[in-house]
Amino acid sequence: MTESQSYQQVHKLGVDSGVVLVGNVLDKLFGFAFAVGIAKLYGLKVFGLFVLGFTLVRLFSVVINLGFGKGLIRFVSLYADRGDEARLKGIIWSALGLSVPLALLVGVILFVAADPIVRHMFGNRQRLTLVLRSLAVALPWLALTGIWLRSLVGLKRFKPQIYVNSVIEPAVRVGVALVLFLAGYRLDGLIIAYLVAVAASAMVAYRYFFRAFHHRFKGVRPILQFRELLSFSWPLLLRNLVSRASRRADILLLGAFRGPAEITLYTFALRLASLNTLITSAFQKAYTPHIAPLHAEARFDELRRGFQTVTRWMMLLTVPAFAMLVFFPRAVIPVLGEQFEPAARAVSIVTLAVFFSYAVGPSETAIIMSGRSKTSLAIRVVGGVVALGLNIWLVPSHGMMGAALAFAGSVVLANALAAGIAYRDMKLHPLHTSYVKVLIAGAIATGIGALSQAFLPSQKYVMLISLGLIMASTYGASLFLMGVDREDRYAVQRLRARLGRVLGRGRFSPVADAEIRGGR
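Residue numbering for the sequence shown follows our numbering, beginning at 1 and increasing consecutively.
Do not take every clue at face value.
Quick list of simulated restraints, FRET-style, between CB atoms [stated by the list, open to error]:
#, residue 1, residue 2, range
1, D485, Y206, 29 to 35 angstroms
2, L182, V436, 49 to 55 angstroms
3, G389, Q339, 29 to 35 angstroms
4, K460, W393, 33 to 39 angstroms
5, W393, L481, 35 to 41 angstroms
6, A472, H215, 46 to 52 angstroms
Dumping the calculated PhoX-like pairs for lysine-lysine here, alpha-carbon to alpha-carbon at most 25 angstroms [what the hints assert, rightly or not]:
#, residue 1, residue 2
7, K218, K156
8, K218, K89
9, K159, K218
10, K427, K374
11, K156, K89
12, K40, K460
13, K89, K159
Hints in this document: simulated from the structure, not taken from any laboratory. Since the model is a prediction, treat every value here as computed from it, not as a measurement. Heads up, the beta-carbon is just placed ideally off N, CA and C, and yes, glycines get one too.
Input sequences plus hints: build the corresponding full structure.
Listed below in structure tokens is the structure:
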């Protein structure tokens, strides 16, 4: 790959990552506001019941997607890149024809079976039955919205998904929940807020889908591809079922053995750990639709370089935040709410596992988008069996800590397997001199933070700000002394330019671009 091609790839990944990052920031902020703020307003027990019901419904929603998530993105990106409009239209129509009728069927089954499910799994909790029946109504709309948005992502159009999933849906959900709380509603208010948000999201998603495909598909006779889509997607369906079942076993077992309050604390730990992924997942999502065309055209040098670049950027921008939550959770949690302090150790464990999953790079995504969906299924079966076994063993006796350990064990194992397979089959790995520098700088910053903690004020806000500044400045200084690659400086500037335009200030400087390319 020439230097010009390298910077073109960096430019495209930087722009797409910036767009997705903005959406991730909004999504995580709204999601965390809902989990923490609404839990404070409605109370731990009411919110815990909603989370329990929501978890069950999301488990059923995996079935209606039939594993079409990455499969649809893969086929749409391939056919769009080739200009094959008939197959492009056919793959989307095939996904709609399979997923929507199944969503209606599953919704009816869940509505009818809600009462026996609750009685057999959780005892006589009438309000949980209400939650399940109400949320079952959303399944067809979730199916439609998912297909419309993933089709657009396959075209490398990320903004509609961001507007719908990261702005419209969470903003409507939080806003309606607040209004209904002030009106005196409790559990019913959370249910209504969610249903209104789902309906609003579906309408906006269809508007974007119609605008992108209406003229493109006009007069085109679709070549339906039920067989191709099912052949690729059924392993992903089983993969998603195994993954959701194993990873939601923690919530279900906590509900059976510990109750709603501990569910809320564990959900808080998961949410707090996932805040660190708002940057990392942006790069992964931006990289995903690029993989299939590169692999299909045997452009393996670009594929490997993109893999290393994305992994390096994820680490470069997030190591201090991960370190704060892994090693100093008790400096962070009191600022968010004293009632969440019992979750500190769980936050450390879950965050460490999440960090590992990103440190090895988007290995499983590369495996799936290269056409090896069955390999991904095998990885998740192994991880799922381990997660389920650990949850059954640890949750009844150790509660939230057992769930955190089970989560960590399964995540680390699954990602280690994926990384090994990606290296064996495609020679993909994250190692790079800049990658090692980032890890060293993070270790130095953590050590300085630990040494300075004893001398910081005990007031929670001052301690958090002081510790954060010490770690960030130490991390930045360490990187500066070791040196940052030109390509990484270029990427950071592109990302800053994208965020600046979104926030209404700042543009990318062509002069700075030339300076970075020239190594000045």
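Q) Has the hinted range 35 to 41 angstroms been met by the Cβ atoms of W393 and L481? A) 46 angstroms, violated
Q. Is the Cα-Cα distance between K218 and K89 25 angstroms or less?
A. 10 angstroms, holds
Q.
Run the distance test for K89 versus K159: straight-line Cα separation, threshold 25 angstroms.
A. 21 angstroms, holds
Q.
33 to 39 angstroms was suggested as the range; check whether the CB atoms of K460 and W393 agree with it.
A. Since K460 and W393 have Cβ atoms about 36 angstroms apart, the given range 33 to 39 angstroms holds.
**Q.** 46 to 52 angstroms as the expected CB spacing between H215 and A472, which holds or is violated
**A.** 48 angstroms, holds
**Q.** Satisfaction of hint between K218 and K159, Cα-Cα up to 25 angstroms
**A.** 23 angstroms, holds
Q) Are the Cα positions of K218 and K156 separated by 25 angstroms at most? A) 21 angstroms, holds
Q. When you check the alpha-carbon spacing of K40 and K460, does it fall within 25 angstroms?
A. 19 angstroms, holds
Q) So the hint says 49 to 55 angstroms: do the beta-carbon atoms of L182 and V436 match that? A) Holds, at about 53 angstroms.
Q. Does the Cβ-Cβ separation between D485 and Y206 fall within 29 to 35 angstroms?
A. Roughly 43 angstroms apart at Cβ, these two residues miss the hinted range, so it is violated.
Q: For the pair we were handed, K427 and K374, check the Cα-Cα distance against 25 angstroms.
A: 19 angstroms, holds
**Q.** Cβ distance range 29 to 35 angstroms for G389 and Q339, holds or violated
**A.** 31 angstroms, holds
In summary, the structure is inconsistent with hints 1 and 5 from the numbered list given earlier, while agreeing with the others.
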